[in-house]
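Kindly generate the complete structure, drawing on both the sequences and the hints.
Chains A and B, in that order, are what the protein sequence lines are. Those letters in the first sequence? Residues 1 to 71, per the numbering used here, in order. Those letters in the second sequence? Residues 1001 to 1324, per the numbering used here, in order.
Among the clues, some could well be false.
In silico BS3-like pairs for lysine-lysine, Cα to Cα no more than 30 Å straight-line [to be verified]: (1) B/K1178 x B/K1195; (2) B/K1270 x B/K1239; (3) B/K1032 x A/K64; (4) B/K1159 x B/K1051; (5) B/K1135 x A/K64; (6) B/K1226 x B/K1292; (7) B/K1239 x B/K1301; (8) B/K1135 x B/K1159; (9) B/K1051 x B/K1292; (10) B/K1032 x A/K56; (11) B/K1159 x B/K1308; (12) A/K64 x B/K1137; (13) B/K1051 x B/K1195; (14) A/K56 x B/K1245; (15) B/K1239 x B/K1226; (16) B/K1265 x B/K1226; (17) B/K1245 x B/K1177; (18) B/K1051 x B/K1135; (19) B/K1159 x A/K64; (20) A/K64 x B/K1177; (21) B/K1308 x B/K1226; (22) B/K1265 x B/K1292; (23) B/K1245 x B/K1178; (24) B/K1051 x B/K1270; (25) B/K1177 x B/K1195; (26) A/K64 x B/K1195; (27) B/K1196 x A/K64.
Residues from chain B that face chain A, not an exhaustive set, calculated with beta carbons under 7 Å [claimed, not checked]: (28) N1003; (29) C1006; (30) P1088.
Source of the hints: derived by calculation from the structure; they are not laboratory data. Beta carbons: idealized from backbone N, C-alpha and C, even for Gly.
One letter stands for each residue in the lines below.
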Amino acid sequence: MRRHDALFIFLTGLSVTLLGLAVAETITRDPQQALPAPTVQAPASSEALREQFIRKGLPLHAGKYWRPSHE
Amino acid sequence: MNNVECTLCPRRCRITEGGRGDCRVRTNIGGKLISLAYGNPCAVHVDPVEKKPFFHLLPGSASFSVATAGCNLHCRYCQNWQISQSAPEETSNTALPPEDVVRQALRHGCRSIAYTYSEPVVFYEYTLDTCTLAKDKGLLNLLVTAGYIEQPPLLELCKVAHAANVNIKGMTDDFYKKMSNATLQPVLDAVITMKKQGMWVEITNLIIPTWNDSDADLHALCRWIKTYCGTDTPLHFSKFWPMYKLTDLPPTPVDTLTHDWELAKAEGLKFVYVGNVPGHAGNNTYCPNDGKILIARDGFKVTENHVKNGTCEYCGTAIPGLWE
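Quick look at the structure:
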């Protein structure tokens, strides 16, 4: 066997192996991990919420009959 | 965690900061519950009191009627879904604080204020404050409601509200769950509390073909009314029109309503009415003693009134209601 034939066979084998590994990784990967990392958005501050409602022309009146919830 | 639990209605919504309750009008800002409906009605009209309907309350009088966006029920056939199933920022609103509601009601010659069209429970604080002012000015406060409210807020409201027309939509939890995403028992409890607190109560039942129009449904409703409210309690059977998400059904046939009217009277209820059918004999009030027409109506229009000082003009039988 000539040297470049051996190199060709080696490279083809390597490509097939790498392709196989990539396919196996895609099949077995947790779908959640496949998602892009979520963008962490800071919750709107109370002041920002207040302004948002006022901008929409909504009144902000203290409600009755509620309690804090820690759930 | 800055969440709040709304304890106004049986849904007991847990609302996160900036979130909304199921009713769309109650939010959480900074760990406090805030109403977005207060003094912010999307419907303001002067209506005949018969339109609510109240048939035993100041007949022929005008009622100043207000509503905001939002509702805590989601009835598939809602007749006012454009406002009841909307958030306040989605409706066209008018700034009208409680004192202006009372002022306008008096200016228009109304004898009452009706909290109606959508659901007064969800604009509770607005209803409560307006009722308090209106009562001081001699106006009657009328709730037109599904009665889906917790007992403590209801008890507070009963101190300033004079009357309620409660829509009992069906007599099974299954019906409430499928049609309104709600439950029956809190509604029945609310009616009992209103009666016990001395409010004048009339009941409406919208008859929906194939859904709540069986004789078994009607017997159950009539017997419950007899047992817990008394045979003097007016019952209005109302004609269904295909609406909102329930457009695949026909309107209630008049024959069905006539049958239901007869059935309820045979069950012993003294004041049974047929609504949304102008000209029907079930529009009128009849004396339970002599059978004569006491109040003749054509739709919402009173054409004759023979109730004098709360009694039948012909035989003197006392007729229950708020007449003066």
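> For this structure, which hints from the list above don't hold up?
Replying inline: Every hint satisfied by this model.
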